[in-house]
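> Sequence:
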Amino acid sequence: MISLAVAAATIACSSTSGEANDATDQDQRLQLKDREYLEALREEFLEISGKDYVEFEKGSSELSPTSQFRLERQAIWLRSYSTIAVRLEASGDGIERVEDRRLAMARALAVREHLIEAGVPGHRVVAIDVAEPGSRRQQVLTRIDAFQVAGSE
699 MISLAVAAAT
709 IACSSTSGEA
719 NDATDQDQRL
729 QLKDREYLEA
739 LREEFLEISG
749 KDYVEFEKGS
759 SELSPTSQFR
769 LERQAIWLRS
779 YSTIAVRLEA
789 SGDGIERVED
799 RRLAMARALA
809 VREHLIEAGV
819 PGHRVVAIDV
829 AEPGSRRQQV
839 LTRIDAFQVA
849 GSE
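In terms of this note's numbering, the sequence shown opens at residue 699 and continues consecutively.
Think of the hints as simulated: they come from the structure by calculation, not from any bench.
It cannot be assumed that every hint is accurate.
[As the list claims (entries may be wrong)] Using C-beta positions, here's what the derived DEER-type ranges look like:
| # | residue 1 | residue 2 | range |
| --- | --- | --- | --- |
| 1 | Glu811 | Lys749 | 18 to 24 Å |
| 2 | Glu794 | Glu745 | 33 to 39 Å |
| 3 | Glu760 | Gly817 | 20 to 26 Å |
| 4 | Arg733 | Thr764 | 28 to 34 Å |
| 5 | Asp732 | Ala804 | 31 to 37 Å |
| 6 | Pro819 | Glu742 | 18 to 24 Å |
In this text, all values refer to a predicted model and were calculated from it rather than measured experimentally.
C-beta atoms are modelled at their ideal positions from N, C-alpha and C, and glycine is treated no differently.
Modelling step: build the complete structure from the supplied sequences, incorporating the hints.
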């Protein structure tokens with residue numbers, strides 16, 4: 699009797715363990731597939747917009763005509779994928795002080811406003827990150843991510 703109970707428990711554990719392994723394997727395959735899909739989307743985004751960032755003149759948060767054009771191209775692509783959100787990563791001029799962070803934020807807000815004017819809903823710009831002072835990039839990077847956008851399910 700005891701050996702039957704032990705055998706049944708062993709079978710149940712191995713069955714549960716096997717199911718758990720199958721679920722883990724399936725989750726890993728889905729994550730890999732999602733990463734591959736997101737990478738393909740990023741490549742398409744770059745193909746449409748040319749670059750995934752816009753540059754600024756030193757000390758300025760004003761968008762140049764070239765930057766406006768690039769953002770309009772980005773907006774065209776973003777309007778095609780309503781479940782994709784973006785995160786803006788802004789940098790200043792590389793001056794290590796509070797003004798540099800303010801400049802980076804002003805640049806990010808200029809990009810956000812232009813994307814919204816070009817038809818990208820504001821709730822899809824889900825984050826603005828400011829680079830550490832000392833970054834000399836003078837740009838705002840538009841990073842597409844697999845964020846879950848509210849109301850897109």
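> Which of the numbered hints above does this structure break?
The structure breaks none of the hints.
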